[in-house]
Amino acid sequence: MSEATAVSETHDDHHPSDWDYVKIAGILAVLTTIEVLTYFESVFTFFETRWILLTTLFVLMVVKFWLVARMFMHLKQDKPILSQSFAAGLALATGVYLVTLFAFDFFFSA
Amino acid sequence: MSTATATADTHHDHDSHATNTGISNNKLAMWLFLSTECLLFGALISTYLLYKTRGNGDVLPTDIFDIPFTSVSSFVLLMSSLTMVLALSAVTRGEMDRGKAWLLVTAMLGGVFIGGQVYEFTSFYREGLGYTTNPAASAFYTLTGFHGVHVSLGILMLMSLWVAAQQGKLTQKNTETVEIVGLYWHFVDIVWIFIFTVIYLIPPA
Amino acid sequence: MTITEEPLALGSGVTFAQRPLGVLTRPQAQGGWKDWVSTVDHKKIGIMYGVAAMFFFVVGGLEALLIRTQLAFPDQGFISADLYNQIFTMHGVTMVFLFIMPLAAAFANYLIPLQIGARDVAFPRLNALSFWVWLSGAIFLNTSWIVGGGGANCGWFCYSPNSGIVFSPTHGVDFYAVGLLITGIASLVSAVNLIVTCLNMRAPGMDLMRMPVLTWMLLVTQFLLAFALPVITVALLLLLFDRTFDSQFFDPDAGADPLLWQHLFWIFGHPEVYIIILPSFGIISEIIPTFSRKPIFGYTAMVFSGIAIGFMGWGVWAHHMFVSGIGPISVAAFSMATMFIAVPTGVKILNWLTTMWGGKLHFTTAMLFATGTVAMFTIGGLSGVTHSLAPADTQQTDTYYIVAHFHYVIFGGGVLGLFGGAYFWWPKVFGHFLNEKRGKINFWLMLIGFNLTFGPMHVLGLQGMSRRIDTYSAGYGFEFWNLMATIGSYLIAISVVVFFYNVWKSKKEAVDLPPPGPDPWDARSLEWSIPSPTPEHNFDELPQVESFDHWWFQKYDIDDEGKVVRIANTDDVAQDGSATDVHLPSPSYWPLVLAIGLPLIGYGIIFNLWLCVLGGLLTGGAIYAWVLEPVDDPDAGHGHDDHHDEAAELAAVASGAGSDNEGEG
Ligand code: HEM
Ligand SMILES: [Cu+2]
Numbered sequence: 004m005s006e007a008t009a010v011s012e013t014h015d016d017h018h019p020s021d022w023d024y025v026k027i028a029g030i031l032a033v034l035t036t037i038e039v040l041t042y043f044e045s046v047f048t049f050f051e052t053r054w055i056l057l058t059t060l061f062v063l064m065v066v067k068f069w070l071v072a073r074m075f076m077h078l079k080q081d082k083p084i085l086s087q088s089f090a091a092g093l094a095l096a097t098g099v100y101l102v103t104l105f106a107f108d109f110f111f112s113a
Numbered sequence: 003m004s005t006a007t008a009t010a011d012t013h014h015d016h017d018s019h020a021t022n023t024g025i026s027n028n029k030l031a032m033w034l035f036l037s038t039e040c041l042l043f044g045a046l047i048s049t050y051l052l053y054k055t056r057g058n059g060d061v062l063p064t065d066i067f068d069i070p071f072t073s074v075s076s077f078v079l080l081m082s083s084l085t086m087v088l089a090l091s092a093v094t095r096g097e098m099d100r101g102k103a104w105l106l107v108t109a110m111l112g113g114v115f116i117g118g119q120v121y122e123f124t125s126f127y128r129e130g131l132g133y134t135t136n137p138a139a140s141a142f143y144t145l146t147g148f149h150g151v152h153v154s155l156g157i158l159m160l161m162s163l164w165v166a167a168q169q170g171k172l173t174q175k176n177t178e179t180v181e182i183v184g185l186y187w188h189f190v191d192i193v194w195i196f197i198f199t200v201i202y203l204i205p206p207a
Numbered sequence: 125m126t127i128t129e130e131p132l133a134l135g136s137g138v139t140f141a142q143r144p145l146g147v148l149t150r151p152q153a154q155g156g157w158k159d160w161v162s163t164v165d166h167k168k169i170g171i172m173y174g175v176a177a178m179f180f181f182v183v184g185g186l187e188a189l190l191i192r193t194q195l196a197f198p199d200q201g202f203i204s205a206d207l208y209n210q211i212f213t214m215h216g217v218t219m220v221f222l223f224i225m226p227l228a229a230a231f232a233n234y235l236i237p238l239q240i241g242a243r244d245v246a247f248p249r250l251n252a253l254s255f256w257v258w259l260s261g262a263i264f265l266n267t268s269w270i271v272g273g274g275g276a277n278c279g280w281f282c283y284s285p286n287s288g289i290v291f292s293p294t295h296g297v298d299f300y301a302v303g304l305l306i307t308g309i310a311s312l313v314s315a316v317n318l319i320v321t322c323l324n325m326r327a328p329g330m331d332l333m334r335m336p337v338l339t340w341m342l343l344v345t346q347f348l349l350a351f352a353l354p355v356i357t358v359a360l361l362l363l364l365f366d367r368t369f370d371s372q373f374f375d376p377d378a379g380a381d382p383l384l385w386q387h388l389f390w391i392f393g394h395p396e397v398y399i400i401i402l403p404s405f406g407i408i409s410e411i412i413p414t415f416s417r418k419p420i421f422g423y424t425a426m427v428f429s430g431i432a433i434g435f436m437g438w439g440v441w442a443h444h445m446f447v448s449g450i451g452p453i454s455v456a457a458f459s460m461a462t463m464f465i466a467v468p469t470g471v472k473i474l475n476w477l478t479t480m481w482g483g484k485l486h487f488t489t490a491m492l493f494a495t496g497t498v499a500m501f502t503i504g505g506l507s508g509v510t511h512s513l514a515p516a517d518t519q520q521t522d523t524y525y526i527v528a529h530f531h532y533v534i535f536g537g538g539v540l541g542l543f544g545g546a547y548f549w550w551p552k553v554f555g556h557f558l559n560e561k562r563g564k565i566n567f568w569l570m571l572i573g574f575n576l577t578f579g580p581m582h583v584l585g586l587q588g589m590s591r592r593i594d595t596y597s598a599g600y601g602f603e604f605w606n607l608m609a610t611i612g613s614y615l616i617a618i619s620v621v622v623f624f625y626n627v628w629k630s631k632k633e634a635v636d637l638p639p640p641g642p643d644p645w646d647a648r649s650l651e652w653s654i655p656s657p658t659p660e661h662n663f664d665e666l667p668q669v670e671s672f673d674h675w676w677f678q679k680y681d682i683d684d685e686g687k688v689v690r691i692a693n694t695d696d697v698a699q700d701g702s703a704t705d706v707h708l709p710s711p712s713y714w715p716l717v718l719a720i721g722l723p724l725i726g727y728g729i730i731f732n733l734w735l736c737v738l739g740g741l742l743t744g745g746a747i748y749a750w751v752l753e754p755v756d757d758p759d760a761g762h763g764h765d766d767h768h769d770e771a772a773e774l775a776a777v778a779s780g781a782g783s784d785n786e787g788e789g
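Chains as they are written, first to last, in the working numbering: chain A, 4 to 113; chain B, 3 to 207; chain C, 125 to 789.
Don't read these hints as lab results, they were simulated from the structure.
No residue lacks a Cβ here, since even glycine has one placed at the ideal position from N, Cα and C.
In silico EDC-like links for lysine to aspartate or glutamate, alpha-carbon gap of 16 Å or less:
#	chain 1	residue 1	chain 2	residue 2
1	B	K175	B	E97
2	B	K54	A	D108
3	B	K171	B	E97
4	C	K418	C	D646
5	A	K79	A	D23
6	B	K54	C	D381
Computed list of chain A residues with no C-beta within reach of chain C, every gap over 12 Å:
#	residue
7	S20
8	K26
9	A32
10	F47
11	T48
12	T58
13	L63
14	F68
Just some of the chain A residues that point at chain B, by a computed CB distance under 10 Å:
#	residue
15	T35
16	L60
17	F61
18	V71
19	A72
20	H77
21	D81
22	I84
23	S88
24	L93
25	A96
26	V99
27	Y100
28	F109
This is chain A alone, in the form it adopts within the complex (with noise of 0.2 Å):
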């Protein structure tokens, strides 16, 4: 199959270097002390505000998955099916169980 024998080559291996993983850790150990920051909500005022609390904290999670997943999983340097599989799983259980809160009043209260 020409997609099999044409893979060694076309096969992308630049990975990061150990440098570039320390410096994705420390980005992580940023967003980690920012999210723990919203803890203190008395010195912080502003994240007494729901949503501005509920939507730092949402992005700084997507954030740290995205870049574990995408650097330290090497899906960014992988073949894309890999990715696709994951996101499949992903976004179905996502999915599905947004869908059964919803069901339960969990978001609105009716």
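Assemble the complex: chain A is given as a structure, and chains B and C with the ligands must be docked to it using the hints.
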């Protein structure tokens, strides 16, 4: 890859020869498995979210969360992803001693996380939150316990790799084995990234 | 393709323990029972799945006969109400999890590698593991009759709080939960294995869009399994924890919500119905073109409608809960979604009919079963659409109308197709035909019996007879149709006896008959290009696939006027199976040992936690030994490199088994 053909050996690394997708069977299988795990953890997380306020008059997990403590143990787990990826990178370059060291550090960080969980469970129990206290408690312990079992299995696999490397059975040729165990490890970590935010950090409305 | 074409040597030079843990010498036997218990050959595993599935078909069938006998006349009481509950529950569970799913797995195991031109699945040992784990779970589940104080009695969907300790005090439900957890592990492992096989092991030129429709439908099925099983795994664990460790997941008194179970169950449950039906759709998509002597109409539409069904199957689960109080928005949304799912299903039906249209139809037994499948499934699909309308369903739900619906889809659409597949591939698997005359008797008896059994249930349901009642009183107008249904069920039983007789007799007669040759039906896909029965190594030489229906185009061509012309004799282009230098993966005992450990853990959770220790040691030891055992036995003198990695297998096994081990915690 423990058994490589002569042709395969001439290839660079990654064992991506001769499959239609260019990805080895093992790696593809691990990724598929991780995709299915999303559905598993999703169900447990939704169960907890649904039940988190159902205390039946008793104490709720959210009442007694120790956020500073959990933040530290979450941070430890997060950093174990760094050491894991450094282990892989060392093995890829054939620096087995360094690789072994990072493997060991990763397993130890995982151990610290588990220790933290044991401490957390014990202190919650002392504060009156037993497994059977109320739906919120059952859901909380089941979710985090499940995650803990995943971490423990990961530690077991890391230690097995370390032992194999120690005996010389794990060499640069087995880079992919390390990579696959690493995938599992990072996955367990990203599940915790989710749990940490959604379960711990978001305060009750 | 380096893997399969080279008569290769073992290259790694790594030495492994030959007898890990010092027990169980690596199996080398050829022939005999040892060959079967240690085999990793996808064909033998497929056959074992088939045999075991048919055994449980008989078990589930006997349970069905008991039900119908009780209901033949009003006010009968030879089965107590409690026993009746156990019997219909175990009937449903047996038929779904221990008959249809493994029978589909039999076809998947045997045929996927052949249809994509591979020598085995991606992970042969994991494949053996799937079978043994499934079998151990199946046996475990049924031992509850003996040691569990009776079977589960909560219905196959086992709603809470009915499934709780208060209303189901015997161990039946525990066996249900643990048994399905174990069989679930098996199906999950096998799903991942077969997906990787389809994606990675195709012969040169076998693009995805050249795979036969059967392989496609089986691939979609494996994806559904892979994503649906984790959901039921969680549901079952929560149930088990409630019952054994007093957790509070489904206890309304403690503030829990029993609807949670219903959601989790049906998020799994509706994809499950497609897991049941899609293999059969695939099978008849092979049979119909072959006996219409035309290519399948709309191959692409066929594939994509299958994928669409797979997707949409995730968005309709709450149509099983229209009367559970899920609220008007949910009801409306799920009702709409359910109606839409009929569209891709309709596309399939249309394509089968169009394939037959204008074809030279040969009504062999296999073809009869295939057309029967299309017809019966259409009826079941239509009654499905009638209860996608929530107001109508409010009348229909929990009546015999529902029983009629799902038997038309599952039996009519699923089982008939699988029987057709058996007649179709029998010569390929066993090297002789099943007798056609007896086959036709088998078919007509089954078709008539089936309609006589389940047709009247539409009427009974609309008349208001509820399902799952152990008897009914005279004078409501239920008598006549119930009697008809019971007579029908005995006709089905006779047809199954005819099938078994046919199996036995045809084998005896085969010695006097000419062998079927590689391609007895003049068919289209790759498995017909190799001898019957399939040689152990499948292909002498991997095919170089150039088009969809590649094998057919080896034999035929289409001339300028669009006419089909024969260009080669089948025997000239078929492989003769004479290759001797093909290296196959070595057999192993460890899958079986691992599989024995799991039910021990199960008994341990239910009866005595010390048994868990024993089971855990067995399982853990087997995993350890498995990892130390090389995929290829160096002593066997040959090794077929099939890309194994012990640690990955360990990871897969450990995490799969892990979901069961949690039970100890
Ligand atoms: C046109 C496609 C289909 C539609 C619109 C449809 C619709 C429905 C609906 C709305 C119900 C719930 C009825 C109730 O409980 O009140 C139902 C039940 C059921 N359906 Fe279908 N269905 C379809 C195809 C299938 C297929 C292909 C299968 C299996 C192979 C299947 C198996 C079942 C089963 C087992 C139940 C009953 C579950 C139970 O309550 O025990 N259906 N169907
Ligand atoms: Cu459904």
